[in-house]
Amino acid sequence: MRHTTPSEDFIRGIWKENPVLVQMLGLCPALAVTNSVANALAMSAATFFVICCSSVLISTCKRFIPHEVRISAYILVIATFVTLADMLLQAYAPAQHKELGAFIALIVVNCMILGRQEAFSSKNTVFRSLLDAMGTGVGFTIALVMMGGFREIFGTGSFLGHSLFGPNFEPWVVMVLPAGGFLTLGFILLAMGYIEKRKKMKAETKAEKVAEVTS
Amino acid sequence: MSNQSLFSIFFSAMVVNNFTLALFLGLCPFMGVSARVETALRMGLANIFVLVLTSISAWFLNTYILETAPYLRIISFIIVIASLVQIVEMAIKRLSPTLFRQLGIYLPLITTNCAILGLAIFQTNRAYDFMQGLTFAIGAGLGLTLALVLMASIRETVEFSDVPGIARGTGLVLIIAGTLSMAFMGFAGLL
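Here the protein sequences come in this chain order: F and X.
Here this note's numbering is used: position 17 in the first sequence is 224, and no number is missing along the way.
Here this note's numbering is used: position 31 in the second sequence is 783, and no number is missing along the way.
Looking at chain F on its own, in the form it has when it is part of the complex (with noise of 0.2 Å):
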């Protein structure tokens, strides 16, 4: 494995690697609970506390694991976290808790978590895992609060519940229905293949013209 700062650690999980619009993970929370930008800042902090959390844990005792069964104790590692956020949101969000229902304790299976476990948190030492997890965690909550914002503003109008548009607006129904969801996504994705051609594009065109006033 190639040697990175802890700088890069952090930066390296909010775009590069961004776990939901890069590497397609954890999409299932991305695409669900994403109708309000309210509800994706809840799933965000969750999901933030679970991967922070399990991160230190998992780094920490990562010399008591035997190789064989990592995988089960990761996964009993993250469930229990996500019991903890479970409790802690429904004693302190309840309305929230119950928009979310059983994606909180679907956390669980959110594949994004489990590979910051395999990939980085087994391997680094518990400061580095830490800025890892936290970098992947505010990445994860960039694409949602996008989503979430793209979704909410066509779909309802509003941002947070305060109107944007006036009371003329027609809002867009399909936007917050499921089909909303992977539209969203899909245009983003579409939006971002467009932008990395552009760079590829003007890169291109550079080193031509330095290959020309070199010959």
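To be clear, the hints were calculated from the coordinates, so they are not data collected in a lab.
For glycine and all other residues, C-beta sits at the position ideal for the given N, C-alpha and C.
A portion of the hints provided could be inaccurate.
Quick list of the computed label-pair ranges, beta carbon to beta carbon [unchecked claim]:
#1 G921(X) <-> L367(F): 43 to 53 Å
#2 F939(X) <-> E377(F): 19 to 29 Å
#3 F376(F) <-> L851(X): 54 to 64 Å
#4 P378(F) <-> I839(X): 46 to 56 Å
#5 E841(X) <-> T421(F): 39 to 49 Å
#6 P860(X) <-> E419(F): 50 to 60 Å
#7 K407(F) <-> S913(X): 15 to 25 Å
#8 F271(F) <-> I839(X): 19 to 29 Å
#9 F271(F) <-> E841(X): 25 to 35 Å
We have chain F already, so just place chain X on it with the hints.
What follows is chain X alone, placed relative to chain F:
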């Protein structure tokens, strides 16, 4: 105890509240193995099998064990699912090596499929009894299979058409899924 009729549970799980297209459960295999109709079908069948077993064991856990310790629900469900998949894998390997080879990597991956854990949790939240749970599992499994096969056949057709470069890959799959999901919304008034 829920008093929905078995038929309405079955139909609701299969098309109206389709696990993949309306509830977003089991998206990983939906994106990952929907390139060929044949593999999609096989994945769907493996899913039905595990869903039915999960539903039965979740019912046993709920009735006999979790009454006294409801906070252990998530942990015990995931352990039971993981070991169940492991046992099924060993059994299939022993009884039918051909089937085992055909299923390949998909079998162990079912453990982290949210549809399975989702089914166990929905079943608990809605307080289904044994038969209702079983019907729910079969309906949900058939729904998953239906979504997978539909998606795979569309993707096989799209493969030969001229798609703009930026739309190739996941972006296109997601937009097709969105369209399919809209089509399934048409079933919403049925129940």
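Margin query: When the structure is checked against the list of hints, which entries are broken? Sort them ascending.
Written below: 1 and 5
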